[in-house]
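> Top to bottom, those sequences are chains A and B. The first sequence runs 9 to 518 under my numbering. The second sequence runs 191 to 401 under my numbering.
Treat the hints as calculated values from the structure; they're not laboratory data. Predicted model, so just to flag it, every value in this text is computed and none were measured. Backbone N, C-alpha and C define an ideal beta-carbon position, used for all residues, glycine too. A portion of the hints provided could be inaccurate.
As the list claims (entries may be wrong) - Facing chain A, according to a computed beta carbon distance under 10 Å, are these residues of chain B, among others:
| hint | residue |
| --- | --- |
| 1 | 368 |
| 2 | 373 |
| 3 | 382 |
Stated by the list, open to error - Cβ pair distances, simulated, as ranges:
| hint | chain 1 | residue 1 | chain 2 | residue 2 | range |
| --- | --- | --- | --- | --- | --- |
| 4 | A | 424 | B | 356 | 28 to 36 Å |
| 5 | A | 313 | B | 344 | 31 to 39 Å |
| 6 | B | 389 | A | 141 | 17 to 25 Å |
| 7 | A | 62 | B | 353 | 29 to 37 Å |
| 8 | A | 239 | B | 397 | 41 to 49 Å |
| 9 | B | 347 | A | 379 | 24 to 32 Å |
| 10 | B | 390 | A | 402 | 30 to 38 Å |
| 11 | A | 130 | B | 344 | 49 to 57 Å |
| 12 | B | 370 | A | 61 | 38 to 46 Å |
| 13 | A | 130 | B | 392 | 51 to 59 Å |
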Amino acid sequence: MKSKNESGLSRRRFLQTGMTVAAVTASGMAMNLLSPSEAEAMAPKKIPAKWDKTHDVIVIGSGFAGLAAAAEAAAGGLDVVILEKMPLYGGNSIINGGEYNSWTDLIHLRETLKLGDDSAALHKADTLKGGDFYGNPELVQILTDNSSDALNWMVTEGGLKLRPILNRTGGHSAYRTHTCVEGVGRGYTEALKRIAEKRGAKIMLNMPVSWIWREEGDNKPVLGVEVDVKGRKRNLKARKAVIMASGGFSRDIKMRMSFNPAIVPEFNCTNQPGATGEMLRYAQAIGADSLQLCFIQLYPYAEPETGTLDSPAVYPFRGPGYGLIYVDKKGKRFVNDLERRDVVSHAEINTGMKPTYSIFCQSMIPLMGTQDEVDKGIAKGRFFKADSIAELAQKLGLPADTLVATVNQHNQYLKDGKDPDFGKPITARMIPIDKGPFYGIAQWPAVHHTMGGLRINDTAQVIDIWGSVIPNLFACGEVTGGIHGDNRLGGNAIADCVVFGRIAGRSAVK
Amino acid sequence: MKTLIFIITLCISGFVIAAQKPACLECHQPADVLPKDHKKVKFQPVTCPACHKGVDIGKTDPFAAGIHLKHSDGVECSVCHEMKGSAPFTVKGGKKGKVTEETDLIKDTMVSWQTSALLDNKHANAQVFCNGCHGRELPVFAAEVSNDVCLVCHGPLEDLQKKTEPMEFKDRNPHKSHLGDVACSMCHHMHTEQTAYCVSCHQKFEMTMPK
């Protein structure tokens with residue numbers, strides 16, 4: 009494991025320096041110019057004379073995006089293989105928080121629960137605003153127009169089961185955040201895996217891609233990939249398409265700091281160890297354009313000591329729409345609880361005291377989660393439960409008087425329909441924290457999502473640094489950039505991955 | 191037909207048979223090995239390659255050859271292949287065969303199986319040979335062993351789950367992961383050091399792999 013990481017680092021280091029050379033010689037000889045393994049010699053990397061195996065479509069990565077892409081490509085009758093570098097399928101998706109934004113769904117949850125109005129246009133507006141308008145409106149519209157269809161597809165074809173709850177979460181102006189029964193991303197990956205495998209796609213584990221082969225010359229296609237299995241290399245040809253669904257780079261400290269030095273090593277990370285971004289570098293090395301790589305999201309509610317995003321860590325995200333509040337170590341509110349993730353994270357850090365806490369009460373639990381999940385969270389020391397706010401304060405180590413005053417003040421704000429302290433938009437669905445039992449949980453920001461990545465067009469084709477399409481190369485999910493802007497709204501990642509994964513898979517068939 | 195495939199593949203496998211008793215004669219009589227319409231030969235170790243020339247093992251996949259498929263169900267690798275000593279993985283009674291990347295890998299693995307401090311050696315000591323785990327799967331590049339194979343001896347899974355259930359935090363059970371059905375080999379590597387995968391995210395878990 010260790011040696012794998014070390015060699016990965018040296019390869020990336022080379023790619024960073026090698027990029028200048030690739031750019032200078034970009035006309036004609038640029039593609040496949042440099043071999044990481046032959047860095048010192050600066051030898052050209054020759055396209056394999058023969059291929060060890062040939063498939064129609066090679067998908068890199070087995071998370072939401074890769075599985076969705078594979079499913080659609082396989083539906084088109086193609087021979088599809090998914091290459092997963094880790095010993096487990098699912099990438100970061102399988103440990104994702106399991107939240108999915110969609111303005112509607114096939115069971116009409118919002119209407120049933122009487123949670124007001126919503127539309128694809130409103131979801132689009134929220135998404136663009138939540139990313140400070142850095143997101144590409146055309147791509148955002150594709151995301152918000154198709155997220156419902158993608159959700160319904162996972163339910164009907166993949167057996168995805170949704171909880172009968174709907175949340176309004178940070179940065180959203182409507183109750184549109186769905187949760188699967190499992191309460192984590194695995195619910196969606198299993199549904200997608202079922203669809204993909206039913207349609208004939210095959211997942212190969214422990215298969216790290218070590219190069220993307222692109223024919224030399226302007227506008228020449230991608231031909232296939234090289235895989236490196238424990239030092240033994242094989243070349244796999246893709247007749248129709250290589251689809252990159254390799255995720256982000258939150259677990260690569262050096263890479264994330266090279267784009268955003270403020271994301272210092274001291275931050276924890278919610279991601280699985282494979283989220284290291286080398287595929288992005290390989291794509292850059294064959295001319296792919298990338299954008300907005302400095303936009304890196306902190307998840308405000310991770311477990312403070314290790315940065316884990318476990319089931320309890322999703323409650324602070326789901327809860328504000330029902331009246332859950334955030335307090336600092338002094339027991340005081342410090343932010344509009346319905347704010348976006350970047351705002352909440354920075355507000356937490358600006359308290360100057362680690363950690364911060366979410367406070368909620370019994371009646372919110374069935375609306376935002378399940379009692380079983382909360383009970384399990386208590387058993388493992390994540391949630392604290394008490395019969396009074398004062399007792400809860402004592403259990404959390406907060407000043408009781410201040411916390412009682414804060415909660416009472418907030419209850420009054422709900423009655424008044426106005427939050428003069430932080431300007432939170434109060435809704436009729438928010439519940440005052442006045443009936444016990446009461447609950448609390450500690451939270452702290454951890455590196456979570458890299459918004460930047462490869463430049464794609466509306467059919468998920470990868471665009472090169474000159475603005476042309478790279479033939480036969482597609483990308484979807486977190487490896488792409490330009491959709492979420494400088495801050496991804498919570499619950500938009502799965503929708504992004506599944507929507508653009510499906511588009512990439514269908515584009516590969518054409 | 192069966193026997194024809196047998197003898198041809200024996201020869202195309204590229205091992206030049208030295209003047210020792212060929213491995214196949216451990217089990218087969220010459221009359222039994224040779225097809226009925228085969229011309230009469232005096233069955234010497236060097237007989238086959240003398241006629242069946244020209245097949246380069248480097249260009250063919252030795253594991254696609256009939257001989258392995260015919261034998262992998264019941265015959266252990268070590269019956270035909272030398273697994274010990276200075277030249278592991280040659281055919282018994284033969285000279286060293288051509289080395290390809292594949293044979294090299296298998297050779298290394300066999301050395302590990304015999305001598306390492308890893309789980310493969312534990313299996314060797316328990317008389318579990320290559321095909322005990324790999325069956326016919328060995329030839330496939332980057333082959334994985336399915337959990338069912340492991341559980342034949344180490345199962346049922348429920349027992350394993352019981353065995354590794356922590357006293358305090360019962361959900362921190364590596365055999366009952368929140369990741370769903372994970373491969374045994376995710377942590378229990380046979381030919382390399384074992385690793386507790388959980389710890390790659392849950393850094394504070396105290397998890398050690400059994401020796």
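> Tell me if the beta carbons of residue 62 of chain A and residue 353 of chain B are separated by a distance inside 29 to 37 Å.
45 Å, violated
> Grab the minimum C-beta distance from residue 373 of chain B to chain A and call the hint holds if it beats 10 Å, violated otherwise.
6 Å, holds
> Range hint 28 to 36 Å: satisfied by the CB atoms of residue 424 of chain A and residue 356 of chain B?
48 Å, violated
> Using Cβ atoms only, decide whether residue 368 of chain B comes closer than 10 Å to chain A, and label the hint accordingly.
Holds - the Cβ of residue 368 of chain B comes within 10 Å of chain A, reaching about 7 Å at its closest.
> Falls inside 38 to 46 Å, the C-beta gap from residue 370 of chain B to residue 61 of chain A?
Violated, at about 28 Å.
> Does the beta carbon distance between residue 239 of chain A and residue 397 of chain B stay inside 41 to 49 Å, or does it fall outside?
27 Å, violated
> Within 30 to 38 Å: is that where the Cβ-Cβ distance between residue 390 of chain B and residue 402 of chain A falls?
36 Å, holds
> How does the Cβ-Cβ distance of residue 389 of chain B and residue 141 of chain A compare with 17 to 25 Å: does it lie in that range?
41 Å, violated
> Honestly, do residue 130 of chain A and residue 344 of chain B meet the 49 to 57 Å range at C-beta?
For residue 130 of chain A and residue 344 of chain B the Cβ distance comes to about 54 Å; the hint holds.
> Verify the interface restraint on residue 382 of chain B: the C-beta must sit less than 10 Å from at least one C-beta of chain A.
8 Å, holds
> Between residue 130 of chain A and residue 392 of chain B, does the C-beta distance stay in 51 to 59 Å?
Given about 39 Å between the Cβ atoms, the range is violated.
> Indicate whether the distance between the beta carbons of residue 347 of chain B and residue 379 of chain A respects the range 24 to 32 Å.
Check passed, 28 Å falls within 24 to 32 Å.
Going through the hint list in order, the structure does not satisfy hints 4, 6, 7, 8, 12, 13.
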